[in-house]
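Peer 1: Residue-level listing of the chains:
Protein chains: 2
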Amino acid sequence: MVKPSLFLDDLTIGQTWEGGPIIMNEADMIRFATEYDPQPMHIDPKAAAEGRFGGLIASGWHVAALVMRDFVDAGAFGDTPLLGLKVDDLEWRHPVRAGDRLSIVREVVDVRVSRSKPDRGVLTMRMTVTNQDGEVAMSFLNLIQMPLRGHQL
Amino acid sequence: MVKPSLFLDDLTIGQTWEGGPIIMNEADMIRFATEYDPQPMHIDPKAAAEGRFGGLIASGWHVAALVMRDFVDAGAFGDTPLLGLKVDDLEWRHPVRAGDRLSIVREVVDVRVSRSKPDRGVLTMRMTVTNQDGEVAMSFLNLIQMPLRGHQL
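For the record, the sequence lines run as chains F and R.
Numbering of the first sequence is given in numbering that gives the first Met the number 0, commencing with residue 0 and proceeding in unit increments.
Numbering of the second sequence is given in numbering that gives the first Met the number 0, commencing with residue 0 and proceeding in unit increments.
Calculated directly from the structure, the hints in this document are not laboratory data.
Careful, some of the hints might be misleading.
Intra- or inter-copy, both count: the list cannot distinguish identical chains.
[Claimed, not checked] Derived pair list, reagent style SDA-like, types lysine to any residue, alpha-carbon separation capped at 25 Å:
hint, residue 1, residue 2
1, 116, 30
2, 45, 107
3, 2, 94
4, 85, 121
5, 85, 8
6, 2, 43
7, 2, 96
8, 85, 135
9, 45, 112
10, 45, 27
11, 85, 9
12, 85, 50
13, 45, 98
14, 45, 13
15, 85, 144
16, 45, 87
17, 2, 34
18, 45, 108
19, 85, 21
20, 2, 146
21, 2, 123
22, 116, 98
23, 2, 24
This is chain F alone, in the form it adopts within the complex (with noise of 0.2 Å):
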């Protein structure tokens, strides 16, 4: 069932959501990295095993990539469409390997109508990232165009 649209007027600084648990699979892990971050440490087991990390971790972008259908699957803004505008400050702070379980806290930061289109904003949430034993694996701002009540983009 489709939630209810929201607009940039419905959100306020420290609104939050939970998202996840998203359960990393190594299968999928090579798969995503064989077609797009292809290095040894993301989609050769044994190479992995003998380096740094000691075993298979993700590649960062399948990461935010998973983050993304999250986003997209819990649905809290409803039909208002999820465009990102910018990125800022994402860290890959903790290696992700198979078998984790991340869940997401995502937290409004920063609302703010444009000055120049005011049928328009944008707001600001922090994405969190946490695996199994909370440590933070990734954390970034992610910034959205979003319609103020009324409107439409």
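Assemble chain R onto chain F, guided by the hints.
Peer 2: Relative to the frame of chain F, chain R by itself:
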């Protein structure tokens, strides 16, 4: 043929590499977005044609993943792993559509030896992704951990 490995000390501010071309393909755009960013603007040509972009556009994360693949394939750093620590100032500035031909410029903008661990440091590159019409589709800063010559991380 693998190019010689590069180390942090080999790199200088202003050094550039060109990458691409990446030719965008509608089937691949839909396949990526179906798995990682299943919004109508990315997976449904008919809905996308009626929306604000007047046609299907690539998921921004897909473009980022393709730029990573191009970076790995270019092999400019030889066997030195491309270990992303951080991305900053990532902007999706122009929609990317099927048939677009993207070229990439990677420019060294900072080279910094770690104060606490003198065997390594951080390379910062500005990645600029331009389409066939000279429009910048995407740009970001990519911070990569690299060893100094004679070391291995």
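Peer 1: Out of the numbered hints, which ones does the structure contradict?
Peer 2: 1, 2, 3, 7, 9, 14, 16, 18, 22 and 23
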